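Engineer: These are the residues of each chain, in order.
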Amino acid sequence: MKRSDKAGYVAMLAACFFVALAAGWTRLGAQFDADVYDFLFGLNPPEAAEFSSVVVGIDEESLADGGVGALRRLLAEALPGIAASEPKAVVVDLILADRGDEAEDGALAEAFARTPNLILATGLRRSGEGWDDPRPEFAKSAAAIAHVHSDPDPYDNVLRQIPLEKALGRRRVWALALEAFRLSRGGGAIVEDPAGVEVGGIRIPARRDDARSMRIHYLRPAAQAEGAIPEVPLAWFRNNAGGHPALRGKVVFVGITADSAAQDRHMTPYSFGHAMPGVQIHANAYETMARQDFLRPASNLAVVAACLLLTVAAGVLFWRYSGWRAYGPALALLGLAHVAPYAAFRNGWVFPYAPPFSTAWLSIAAAATAQYFFVRGRLGRSEAEKERYQRAIHFVAHEMRTPLTAIQGSSELMGRYKLPEEKRGEMARMINAESKRLARLIQAFLDVERLTAGQVELKRAPFDLRDVVDVCLGRVKSLAEGKRIAVETKPMEAVIVDGDRELMEYAVYNLLTNAIKYSPAGTRVSIGGGMAGSACRLSVEDQGIGMDEQEMKGLFRKFYRTKKAEASGEKGTGIGLSLVQQIVTHHGGRVEVASTPGAGSCFTIVIPASVPQPGS
Amino acid sequence: MNSLLVVEDDSAVRNTLVTFLELEGYQVEAVSTTREALDRLVARDYPIVVSDIYLDERTGLDVLQAARRSNPNCAVILMTGRGSMETVMDATQGGAFDYIAKPFELDDLLATLRRAEASMRSPTVGG
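Chains as they are written, first to last, in the working numbering: chain A, 1 to 616; chain B, 1001 to 1127.
Looking at chain A on its own, in the form it has when it is part of the complex:
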């Protein structure tokens, strides 16, 4: 891979990384994450075990005697039975802020006074101007006042977490579940730091900068009896004397469960269209703490690091390997991106699904696509190079056959016929000359290959460029005359080049023969130049077929021939100009081209040179 290819590849993967990461954090990505989170609850249900809480539900049956208007009386009648059951704490999930019937309120206050570890509910008013605290005659018996607020997802209204604290002005109130947990653990203080709170030696992950939100690790809903938090109807205590054995040593959550009365219902990951009453949600939050079965959200840094790792892995895979050696591990990488959030969930970590999912798919798809196009491009270039090389081999083979024909024929003649001495001498000289020509051809071909491979060492020595021009003009004279093309030399001052004279001769000769070959009869080719700064500019100008911009782009490619050159019928390999450029570049120079289709071309060699010093 070329440096520019590598940079492009890295830039493309970086773009994929940022796009995928950004997509993962859009609303759609967040919803996707939430849906997967809910799905993981179904895949990973909590095991049925000992419960630390019981819900005393004010269900339809309990409300049969008086309805919602008789709630305080019903509660006052049931509380002695609940207290007699010897629970650890009693949480009343009812806002009792307004004044009710005087007799009923008095009876309820009396019942509260006889209930140990009582937690009463409060909540921020809708106006946000204060708290709906329990009436003072109720509050005086409470061991704690706690808030009832929840934190449903703004996108789908599913309740996945609750805020453990709510504050208004200088007053801060803890959540019902947290206060219940505190009282169940001996009633000590709640110790807090930025990352969480600690109750009775148990650390609860709830970041301060996230409103102390705690994810609820829901147990199965009440509709699925096995694995759900046990529930006792409030009516049971009206119909039975004494306590209920299920409540002994538990935290009791009292609240409305009747479909017709409960307004604080929320969808949960287990809901499937059936909302869960608030009292059960508080009980679930309490169980999360009691079981220490917390779900900790992964930090943003961890998510970014994981996504970056996926992108880098995909990039390295398709950079270093191809075929199944790349696609096999890539599939494993995709699998990892899909399975990792599940594995994390099982271990109490909530890892978002969308960012690694989109990063893995996008990075792998992009890397694989880039590899496909790179390999295809390389194959195409290789095929084209091979084809051009074969053409060159054919050409060289033909060039070799011509002197071979002369050598073979002449030597046969000398052996077969009794030739005059003069003729024999002529034949011998011809064989000698053609053998040398053949040797030169082979050497030139090898030089071309070595030069192309960068294996040629320049035989540097100072020479006058005018001498090179003169030699080349002599060599192209017969070719030019054969095509009736006038070759003229522009006046040129002495220019000293420190370089390989033989190679420079090749370069100049090549430009001259090209100019003559691709010019129509009767036209003119001119050569000349001089110093320009510290370099010499030597130009060969013709009035030939010329080239358009598209043709000029590939001009110096090895074995490249323009369509006009092919159509001209002139012999050529398309290697000459490539070699001219390589020779000039080896000398620290460059080749400039100006051309107009149908009007002609001008090739200029720009090469470091100097004027001869006086007396040198």
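If you're looking for bench data, these hints aren't it; they were derived computationally from the structure. For clarity, every value in this text was computed on a predicted model and none was experimentally measured. Ideal Cβ positions, reconstructed from N, Cα and C, are used throughout, including at glycine. Mixed in with the good hints there might be a few duds.
[Said to hold, decoys possible] Covered by chain A, according to a simulated footprint, are these stretches of chain B (three or more residues, beta-carbon under 8 angstroms):
| hint | segment |
| --- | --- |
| 1 | 1003-1015 |
| 2 | 1019-1029 |
| 3 | 1102-1109 |
With chain A's structure known, arrange chain B on it following the hints.
Structural biologist: Positioned in the frame of chain A, the structure of chain B alone reads:
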């Protein structure tokens, strides 16, 4: 003996062919460009033409056409070092008597010339 026109741009090959064919008794005229060849073919008929295919801006196939126009019975033998199938097809479809690949044995060329002469004596012409 027949007279021959040899068209070959390489002087070494051309001289060798001229020497050989003259020693074999042919009256040989040799040229190095297609222009010269076409001029000669306009000026007179040659029963046999031996021409290289790749010459200058025009090729041996142009020589072949000119020779056939000048003398429909002319036997044109084409030579080249590039033995591609397309070239052979073009040469034979254009009415060349035969095609000979460089480098060749002088006897092979001679045998081809003899066959050309024999075919000229027979009622049909072709290779």
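Engineer: Run every hint past the structure and note whether it holds.
Structural biologist: Quick rundown of the hints versus the structure:
no., hint, result
1, 1003-1015, "holds (count 4)"
2, 1019-1029, "holds (count 3)"
3, 1102-1109, "holds (count 5)"
Hint compliance for this structure: every hint is met.
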